[in-house]
Amino acid sequence: LAKTTQPISMDSYEGQEVNITCSHNNIATNDYITWYQQFPSQGPRFIIQGYKTKVTNEVASLFIPADRKSSTLSLPRVSLSDTAVYYCLVGDTGFQKLVFGTGTRLLVSP
Amino acid sequence: GAGVSQTPSNKVTEKGKYVELRCDPISGHTALYWYRQSLGQGPEFLIYFQGTGAADDSGLPNDRFFAVRPEGSVSTLKIQRTERGDSAVYLCASSSGRMEAFFGQGTRLTVV
Numbered sequence: 009l010a011k012t013t014q015p016i017s018m019d020s021y022e023g024q025e026v027n028i029t030c031s032h033n034n035i036a037t038n039d040y041i042t043w044y045q046q047f048p049s050q051g052p053r054f055i056i057q058g059y060k061t062k063v064t065n066e067v068a069s070l071f072i073p074a075d076r077k078s079s080t081l082s083l084p085r086v087s088l089s090d091t092a093v094y095y096c097l098v099g100d101t102g103f104q105k106l107v108f109g110t111g112t113r114l115l116v117s118p
Numbered sequence: 027g028a029g030v031s032q033t034p035s036n037k038v039t040e041k042g043k044y045v046e047l048r049c050d051p052i053s054g055h056t057a058l059y060w061y062r063q064s065l066g067q068g069p070e071f072l073i074y075f076q077g078t079g080a081a082d083d084s085g086l087p088n089d090r091f092f093a094v095r096p097e098g099s100v101s102t103l104k105i106q107r108t109e110r111g112d113s114a115v116y117l118c119a120s121s122s123g124r125m126e127a128f129f130g131q132g133t134r135l136t137v138v
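Here the protein sequences come in this chain order: R and A.
Reminder that position 43 of the first sequence reads as 51 in the numbering used here, one-by-one numbering, no gaps.
Reminder that position 64 of the second sequence reads as 90 in the numbering used here, one-by-one numbering, no gaps.
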């Protein structure tokens with residue numbers, strides 16, 4: 009399983025765009041990049057997954073450059089409720105254990 | 027059910043006692059995962075089931091921890107001779123694949 013590296017924490021203000029970058033230099037050909045969000049006292053929640061280029065859903069966008077050695081989760085116009093820990097995971101989409109790192113703790117202030 | 031259900035939500039036990047934590051996965055999900063999470067840390071993998079069998083139990087810390095999923099649905103995580111270091115939130119998740127797992131709210135275990 010490819011190891012991932014993310015910033016430990018980020019601060020932002022309401023209404024700003026937040027970009028969280030994850031490094032995964034040893035990503036394998038069959039690996040996808042998946043992001044989870046975790047609020048206090050809750051289990052992680054899947055938010056987005058991608059293989060290459062750009063993926064967008066109602067929650068976030070995921071940008072993956074051609075070499076796939078990193079990825080950026082983009083949260084547009086964050087609100088206080090986006091304060092959470094965000095985890096980047098890398099692996100193929102077959103059944104396997106999901107390995108979480110320490111994640112990025114995002115704090116959104118008024 | 028609509029989501030992954032874990033019971034109990036909180037469990038306080040005395041050091042040395044035996045505890046069981048239950049997980050009801052989303053109906054039809056063949057994969058089931060157990061994690062534990064300490065304050066300020068990411069979820070730590072314990073064990074993963076594919077159907078009734080443990081596909082990967084490499085995360086179980088020692089032989090005091092055991093998990094079963096006898097009918098390929100509900101799973102029970104069993105901890106013998108609990109220690110204070112076992113105190114954590116135990117998370118269960120289920121999945122139908124593609125790295126999209128659905129987590130329960132967790133069981134907060136406190137060993138006193």
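Calculated directly from the structure, the hints in this document are not laboratory data.
These figures come from a predicted structure and were not determined experimentally.
Be aware that one or more of the hints could be misleading.
Unchecked claim - Derived list of chain R stretches under chain A, where covered just means 3 residues or more per stretch with a C-beta under 8 Å from a C-beta of chain A:
| hint | stretch |
| --- | --- |
| 1 | 52-60 |
| 2 | 88-99 |
| 3 | 105-117 |
What the hints assert, rightly or not - If you only want the chain A side, here are some residues facing chain R, beta carbon under 10 Å, derived:
| hint | residue |
| --- | --- |
| 4 | Val30 |
| 5 | Tyr61 |
| 6 | Gln63 |
| 7 | Gly66 |
| 8 | Gln67 |
| 9 | Pro69 |
| 10 | Phe71 |
| 11 | Ile73 |
| 12 | Ala81 |
| 13 | Asp82 |
| 14 | Gly85 |
| 15 | Asp112 |
| 16 | Ala114 |
| 17 | Val115 |
| 18 | Gly132 |
| 19 | Thr136 |
Positions of the beta carbon are idealized from the N, C-alpha and C atoms, including for glycine.
Hints violated by the structure (numbers, ascending)
15, 16, 19
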